[in-house]
Each structure stands twice: as C-alpha cells, then as structure tokens.
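Student: Read off the chains here:
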Amino acid sequence: MPESLKVINSRRLSSSWWWFAAATIAIVLFSPLTVILSSFLKDLEKAGR
Amino acid sequence: MISQYLLLEYISGTLIMIIGVGATVLFLGVGSAWIITVWDFPYKRFFSLALMMPMAIPTYVMAFAYSDVKYDIRDPLMLLIKERWGTSVMSQSTEIFNHGLAIIILSFALYPYVYVAARVGFSEISGAYIENSRLLGRGLFRSMFSVGLPLARPAIVGGLLLALLEVMNEYGAMTFYGIETLTTGIFVSWTDLGDKDSAIRLAAIAMVFVLLIIILERLLRGRAKFHAHRSSKKNLSIKTRTKFGSFVAFSCCGLLFLFSFVLPIANLTINTFRGWGKSNLINIIQGPLVDSFLVSLIGCLGIVVAALVVSYASRLFPSLFMKTLSKLCMLGYAVPGAVVAISILIYFSGMGKYLGFTTLTSFMFTLTPAGLIIAYFVRFMTPALAPIEAGMTRINMNMDEASSMLGRSSWGSFFKVHLPLLRFPLLGAMIVLFVDILKELPLTLVLRPPNIETLATTSYGLIQKEERIVDGSFPALVLVITGALAVLALHLLILKRIVKE
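Protein chains in written order, with my numbering: chain A, 19 to 67; chain B, 46 to 546.
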C-alpha cells in the first residue's frame, strides 16, 4: 500500500474514534430516559384497549 | 396506584403554576427590558446588569428568603379568617394565598430569563421601526405592543420556555408553600409512599407536559420568518427623557431589583448574623461546601469534555445521524430533575438485575456518587453543548483543512486548533454548569449517597425539614454569592469578547 494511502487510512481511523465516542455518550445519556417513555407508551396502549 | 383525585390535583397545581408564573414573568421581563431599552434615566447602565442578578438566586432559596411572609403574614391572616368565617373558608384562602405567593416568588427568580431574551430581541430591532411608529402617531407604550413585541416575539418566547421548564422542575419552593405539582407528586410517591409505579406514571405525565410546552413554544413562534433589519445603523435605543418618565422608569426598575434581589439577600444575611452566635455555622457548612464544590467540579469538567467530543464529532461527520445524536444529548435539559432521577434509578437497578451484577445499584447510588454524576450529565448537557457547538460553527472549515494539509490528525487538529479557539465558550459553559450543578436540588436529593450533603440539600433540609431558618440561611447565602459571582464573571467574559472582536 502506498505511503499516502496509509496516512489517509490512519487519519480516518483516528476520526472514527470521535464518532464512536459521541455515539456512546448519546446512548448513555438518552437510554435512561427511555424507561419513562416506554412506560408512557404502555399506559397509552392500555388506555387504547 | 395513584388515585384519580390526586392525579387531577397534581395536574391542576402544575397548570396553575405554569400559567401564573408564565404571565407574571412575561409582564416583569418584557416590561423591564422595554424600559431599559427605550428610556434614558439615571442609573440605566447599572439596572441593565442588576436586573439579571436574580438569576443567581435559586428558586427555593428565594422562597426561603421570603419565609417571613409565610410565618408573619400568612399564618396570622389565616387565623383571623378562621375566627371570622370558619375552617373551610380558611383552608380555601390558604390554598389561594400559597399559590399566589409561590407564583410571585418564582416569578422574581425566573423573570431574568425573559428579561435577557427580550433585551436581545429588542436590540435586534432597528430604531427606524419605532421612529416610524411614533411618526404615525403612536406613543412609546403603544409602539411596544404594535411593533416591539411582534418583532422580538421569537426571543421572548424562547426565554419564556426556559422559565416554564424551570417551573416544571421546581421542587423546593413548591413543598415550602405546600403546592402539589407533578414534581412534588413524584417525590411523594417515590420516597414517602414507596409507590414506584405511580412515580413512573407521574414522571411520564410530566414528560408530556414538557412536550406540550415545547410544542406551544413552536406554535407561538409561528411560521413567520423574522429577520433583523440592519440596514439602519441606529438600534432601538431612543433617548427619551422627561422628568416624570425618568422617575417612573427608575422606580419600576428599582422596585423590581429591590424585591427580587436586595430584600432576599438582606433577609438571608440578617438571618445568618442572627444565627452566628447561636450555632456553629462554620461546622454546619464545612462538609457540604467541600462536597458541593467537588461534585460540581467533577460534573462540570466531565460534561464539558463530553460536549466537546459530541460537538467535534458532529463537525467531523456532518450527517443527519450525528445531528440527531447531538439533539438526543440535549433532551435531558427539558426533563424535570425528579424525572431524570427516577429514570436513572430504575435504569441502573434494572441493568444490574439483567446483568446479574446486583451490587451495581449500591455501587452507583450508595457507595459512590457515580449515579448522581451521570444524572448531572443527562440533565445538564445542553448548557455545555449549546455554546460549544455555537463556538465550533464560528471556526471556519478552512482551519480544519489547513491543519490536515499540514499533517495533523483529527486529534492533533482538535488540541492545537479547535481547543484554543474555543476557550471563551468553554469558560462560559463551565461557569454556567458549575452554578447549575451547585444549586440543583431534586436530582441531588434523590440520588446522592448518604454520606454526601451539598449546600442545596443542607439548606433545604435545615429550612424545610427541620424549620431551622436561621441555620439554613448561611448555606443558602453561600449559594447565592457563588451564583452572583458567576453571573458577573459571565458578564465580564461577554464584554471582553465584544471588546476583542
């Protein structure tokens, strides 16, 4: 593999760490709130029946 | 399960507070912003900053500071009503009095949100509009309704939204005045009755309320597009000065500042001096002060780092997915603290059971403040993410390309280019976060480990639970002083930035 491609690949890899970190943070922050949302949806479903 | 009657009581209590506080903060915030913008009167510059200062006083501290009204005015008045008209009239009057008092006191603490937003909104309007309105025969007062308010509507509605979300989140002031809202209902169901299902149900209803408030804000903004007309250099700052006008403007601003900042601070200070000789206040405050500052510092640094990661990732990968992730991170700010607390508790205890790691709950909530810090992340990501994202968008993309061309990786560019350019928004975000965490009450009350006491929980415990107003005033005063210093620091930071630019 040419040297320039290696550099580009390594840069892409280092950038993807940011993507994974941001996704993890968003999931950790949002998932606790889904507990209340799912309970609300269940209540709505019961009311619908 | 929670009874239908109680549920209606909580919902009506929340609605009354939202409508009452909403109308009062609009009146106080927009009125004072209009006066400061269009009238020229003595000490105008002082008042333009001073009217922001009540932002430093947490709503429950404002309620504690006006405890004299509760004990010295309400109670004797209600006894008089009981003697004259009987118990049923007294209980109705007490309820009306409590609601009225709570609305006024919460409005004193929350009007700065609308004031600041309205000032920004009015400053965007060109003075030519008002001049035209006056040339066509309208006075300054009528011009406010026909020209100023419609043009500044998006900013004012934004400020109103923040104030209403604070009302939804309020716990300390509501319990102090005995007002039943969804947030107090969640606490009663969870801590006093141990009824987990009812607490979750109330939390879900509170979320629906928040959603409705946000939808209402969108509707109030309307579909109309608002553009500031900047072709005229003259801003909306008409120098109108008559003796009577100056007197009225000075009196309005002076009275508002007196009732919303000077009197509460004076009351807390007097109570602190009264308690100085009687109890050892230094001992009372020592532990909570260290705990508060430690927890706030850890939370604030962690949140800023997380916000930096999310905003930089959005810059590197500008896709719809990343935008959605960043919006999801901001969702927690709209959710009341009590709802976040319950979500975190249920989520981690459920996860502990699912993974077969039963000590996870005690590790998160009893042995360490890890659960509390995560809850702060969920609740306070927006005050960090919003200014940092705004700062990121101000950095030209050419900088990234130049840095990459010169051989820096994304990490190198971040540390050498973006981080130094983001120092102003970072500092601003850290100040806001530090104070927000320091004064947060409902989250901390539910999720703190037994060995951690913050200034907010100490003040609340001493004044509300033990009725030791004199002892509880000192931690409340420390909270207010820290908040006031933060507001001043932010003001200086903004001034410095304006001068630099």
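Derived by calculation from the structure, the hints in this document are not laboratory data.
By construction, the Cβ of each residue, glycine as well, lies at the ideal position given by its N, Cα and C atoms.
Misleading hints may appear alongside valid ones.
Said to hold, decoys possible - If we take Cβ atoms under 10 Å as the criterion, some of the chain B residues that face chain A in the derived model are:
| no. | residue |
| --- | --- |
| 1 | 238 |
| 2 | 242 |
| 3 | 367 |
| 4 | 384 |
| 5 | 388 |
| 6 | 390 |
Student: Checking against the hints above, which ones are violated?
Tutor: 1
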